[in-house]
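There are 2 protein chains.
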Amino acid sequence: MISDVRINGDRLWHSLMDMAQIGALSNGGCGRLTLTDDDQIARDLFTQWCEEAGCTVTFDRLGNMFARRPGRNPDLLPIALGSHLDTQPHGGKFDGVYGVLAGLEVVRSLNDHGIETDAAIEVVNWTNEEGARFAPAMLCSGVYSGLFDLEFALTRVDKDGLCLKEELDRIGYAGKEPCGAHDLGAFLEAHIEQGPVLERHDEIIGVVAGGQGQRWYDVVVLGCDAHSGSTPMSGRRDALIAAARIIAAVQTIALDHGPEGVGTVGELHVCPNSRNTIPGEVRFSIDFRHPDDNALSAMDEAIHAVADAERDAEVQLDMIWHNPPVHFDSRCVEAIETATRALGYPHRRMISGAGHDACQVARKVPTAMVFVPCKDGLSHNEAEWAEPDHLAAGCNVLFQAALTLSTHSALVPERPA
Amino acid sequence: MISDVRINGDRLWHSLMDMAQIGALSNGGCGRLTLTDDDQIARDLFTQWCEEAGCTVTFDRLGNMFARRPGRNPDLLPIALGSHLDTQPHGGKFDGVYGVLAGLEVVRSLNDHGIETDAAIEVVNWTNEEGARFAPAMLCSGVYSGLFDLEFALTRVDKDGLCLKEELDRIGYAGKEPCGAHDLGAFLEAHIEQGPVLERHDEIIGVVAGGQGQRWYDVVVLGCDAHSGSTPMSGRRDALIAAARIIAAVQTIALDHGPEGVGTVGELHVCPNSRNTIPGEVRFSIDFRHPDDNALSAMDEAIHAVADAERDAEVQLDMIWHNPPVHFDSRCVEAIETATRALGYPHRRMISGAGHDACQVARKVPTAMVFVPCKDGLSHNEAEWAEPDHLAAGCNVLFQAALTLSTHSALVPERPA
Numbered sequence: 001m002i003s004d005v006r007i008n009g010d011r012l013w014h015s016l017m018d019m020a021q022i023g024a025l026s027n028g029g030c031g032r033l034t035l036t037d038d039d040q041i042a043r044d045l046f047t048q049w050c051e052e053a054g055c056t057v058t059f060d061r062l063g064n065m066f067a068r069r070p071g072r073n074p075d076l077l078p079i080a081l082g083s084h085l086d087t088q089p090h091g092g093k094f095d096g097v098y099g100v101l102a103g104l105e106v107v108r109s110l111n112d113h114g115i116e117t118d119a120a121i122e123v124v125n126w127t128n129e130e131g132a133r134f135a136p137a138m139l140c141s142g143v144y145s146g147l148f149d150l151e152f153a154l155t156r157v158d159k160d161g162l163c164l165k166e167e168l169d170r171i172g173y174a175g176k177e178p179c180g181a182h183d184l185g186a187f188l189e190a191h192i193e194q195g196p197v198l199e200r201h202d203e204i205i206g207v208v209a210g211g212q213g214q215r216w217y218d219v220v221v222l223g224c225d226a227h228s229g230s231t232p233m234s235g236r237r238d239a240l241i242a243a244a245r246i247i248a249a250v251q252t253i254a255l256d257h258g259p260e261g262v263g264t265v266g267e268l269h270v271c272p273n274s275r276n277t278i279p280g281e282v283r284f285s286i287d288f289r290h291p292d293d294n295a296l297s298a299m300d301e302a303i304h305a306v307a308d309a310e311r312d313a314e315v316q317l318d319m320i321w322h323n324p325p326v327h328f329d330s331r332c333v334e335a336i337e338t339a340t341r342a343l344g345y346p347h348r349r350m351i352s353g354a355g356h357d358a359c360q361v362a363r364k365v366p367t368a369m370v371f372v373p374c375k376d377g378l379s380h381n382e383a384e385w386a387e388p389d390h391l392a393a394g395c396n397v398l399f400q401a402a403l404t405l406s407t408h409s410a411l412v413p414e415r416p417a
Numbered sequence: 001m002i003s004d005v006r007i008n009g010d011r012l013w014h015s016l017m018d019m020a021q022i023g024a025l026s027n028g029g030c031g032r033l034t035l036t037d038d039d040q041i042a043r044d045l046f047t048q049w050c051e052e053a054g055c056t057v058t059f060d061r062l063g064n065m066f067a068r069r070p071g072r073n074p075d076l077l078p079i080a081l082g083s084h085l086d087t088q089p090h091g092g093k094f095d096g097v098y099g100v101l102a103g104l105e106v107v108r109s110l111n112d113h114g115i116e117t118d119a120a121i122e123v124v125n126w127t128n129e130e131g132a133r134f135a136p137a138m139l140c141s142g143v144y145s146g147l148f149d150l151e152f153a154l155t156r157v158d159k160d161g162l163c164l165k166e167e168l169d170r171i172g173y174a175g176k177e178p179c180g181a182h183d184l185g186a187f188l189e190a191h192i193e194q195g196p197v198l199e200r201h202d203e204i205i206g207v208v209a210g211g212q213g214q215r216w217y218d219v220v221v222l223g224c225d226a227h228s229g230s231t232p233m234s235g236r237r238d239a240l241i242a243a244a245r246i247i248a249a250v251q252t253i254a255l256d257h258g259p260e261g262v263g264t265v266g267e268l269h270v271c272p273n274s275r276n277t278i279p280g281e282v283r284f285s286i287d288f289r290h291p292d293d294n295a296l297s298a299m300d301e302a303i304h305a306v307a308d309a310e311r312d313a314e315v316q317l318d319m320i321w322h323n324p325p326v327h328f329d330s331r332c333v334e335a336i337e338t339a340t341r342a343l344g345y346p347h348r349r350m351i352s353g354a355g356h357d358a359c360q361v362a363r364k365v366p367t368a369m370v371f372v373p374c375k376d377g378l379s380h381n382e383a384e385w386a387e388p389d390h391l392a393a394g395c396n397v398l399f400q401a402a403l404t405l406s407t408h409s410a411l412v413p414e415r416p417a
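Protein chains in written order, with the UniProt record's numbering: chain A, 1 to 417; chain B, 1 to 417.
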């Protein structure tokens, strides 16, 4: 018992390709870091498209954008569909962007067929999901959900010492609405899987029931700068040798908690970084993830033991972020699974390996996600790729689920009087 | 049978402290990279001091500077005393600078006592000894000695893409004299040991009979950028994990060839260097040194074996520089040892652990070095320190040796007719 309306896959694909021109890189990917000039251009284009689709676009103090297509009943909270438009430095065309433009395609398809919904439909673009420029990731959806303070977010600083507030003001996307004040009845996020599971099983839809937990660390290893030629190996305090041991341990600890556990050192800086000076200081990040919070705690204990055991250098290990595993709203997951079954797509229930804005929003708003496969499970990579048919299928699931939630008022809480 | 003249240790010390103001760092060291604005200021001050001491200052096409105090006999080749004025990014006050200003102090002391020498005395400042900005180290003394081509040196590029020739022109120290055309009868270099040996043995003079061999490598490790959360450990090609294994191997290989062998990874760059992306590319340097060229070859074979054995990533290992061990001129070493004995300083014969301009110049000109202790053997570090008395002692040895070489014409080849 679903609508026979189908979204326009070609229009969705062309919108994705048009958006990918902004911050395009030489190997087919996108480098559109949050709050850069390119992010501003992308936000302006998104605003233009939404307004052309009859939506009213607003944004809050952190630049989280909400494009509203009104519903019949103003007393119902809106059903939100979205993700993020920012990318990694060497990111792809689909991570985040797909969820935003799939939401827009749902609105465009509703317009094509003159469908009125009870609850309003809103398309959302969350600020700084990637965390590549301003750590941590999912920062502004986190503030929306009350996981971070506004002030904490506004004062995050990038590698060049620029803070989030300055950059938000600079590109003109600092709104007046308090972050979190914009009530939503439900939030649905469509996303590429960013992993190999669906592809391996020839399935095209992942019904996502939750997200794994994450712990992020900043590590500083302090040794002693010295001459690389005349300092005997015995007398050295080489910060990079000590760092290399810890990096190897990150892999070992993740493997010890496999197959779900993962551990990554993605960012590393050596000081003074001169080829004939023994490094006196190395700074790097650690990213641990696991669907089970107890396993994540064990990984935390293990890396602290490794840091404490280091003798050749001083190791400072600070956990800068802990995001426990999240379980999505059963009614929203149900709406997505029902739509997927009705549309006849091969699918599976799964837990998200990556963090997503949905994992933050779920702490405040009934939430679920739809995954589609990506080639070789590759993401955060210029070669990231998803098949147009799969993207269209995910968007059709989003359309049917949004229609269900927005037209069965029972599912949607009323706006507080 | 030595002169009873002694150099002025206070004047030497104050000159060192004055020079250390140029590019001074907050922790007491110097960051005066070659061919920067600070290097220009240091060269100008050195020129002013030499001219005030009655010297004529010239420089060749690579900015190698020669300050000449004439001798009685213009047919004799000059006796050169010097080192370098450039430093590491976080360098000290003495590495290199001491050898140049000790040479200047010898000239000033000769003037104080109205001593005429048969051969001229020249104070030399070699360009880009450190190699911290333009690899390899000892570049311009290397061209002087015919180890490198002029064109190779002029086209070296720094991290910002600036080439040595541009920067040399920019600071106004590109001369007309071909590099290597400036004939020298002998070259003596005074330097801090940059190692712990003299200090450990309570000796204040090292009579340096040669230098150890060096091999420098550039390494590129290629993996695959991927998402740090949703890429299972099994499917990863993490370039930093592979790099960490090679860095650990560099230490192991050096220890296997101990106690003389040393191995260092001083410079490392991660790409894309984002905390939630598995690194797809890591570039780093390797610096291997050993007094025995056969051992150095064995270390080379060992690191190639490690690179070839890597399975998780592609490893490109390129040796960019091989400097075999060098043996100094017996007459010059003798002159330094005789002076040291006559002055009654506790001393030892030794091999230099660090590379020095003298190791390059020795391939073309009769050469030797004199070492003085530095605190904890520490160098390439802001905390680098040498005792004023030790610096004065080394300078007195330099003075006596220079006097011997410049007044016993028999030791000095005549200028070709």
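Check each hint, because a few of them may be wrong.
Derived contacts from chain B toward chain A, CB cut-off under 7 Å, selection only [claimed, not checked]: (1) Pro89; (2) Ala226; (3) Met319.
Simulated from the structure, these hints should not be mistaken for laboratory data.
No residue lacks a Cβ here, since even glycine has one placed at the ideal position from N, Cα and C.
Evaluation of the provided hints:
{"no.": "1", "hint": "Pro89", "in the structure": "holds (4 Å)"}
{"no.": "2", "hint": "Ala226", "in the structure": "holds (6 Å)"}
{"no.": "3", "hint": "Met319", "in the structure": "violated (13 Å)"}
In the structure shown, a violation is registered for the earlier hint numbered 3 alone.
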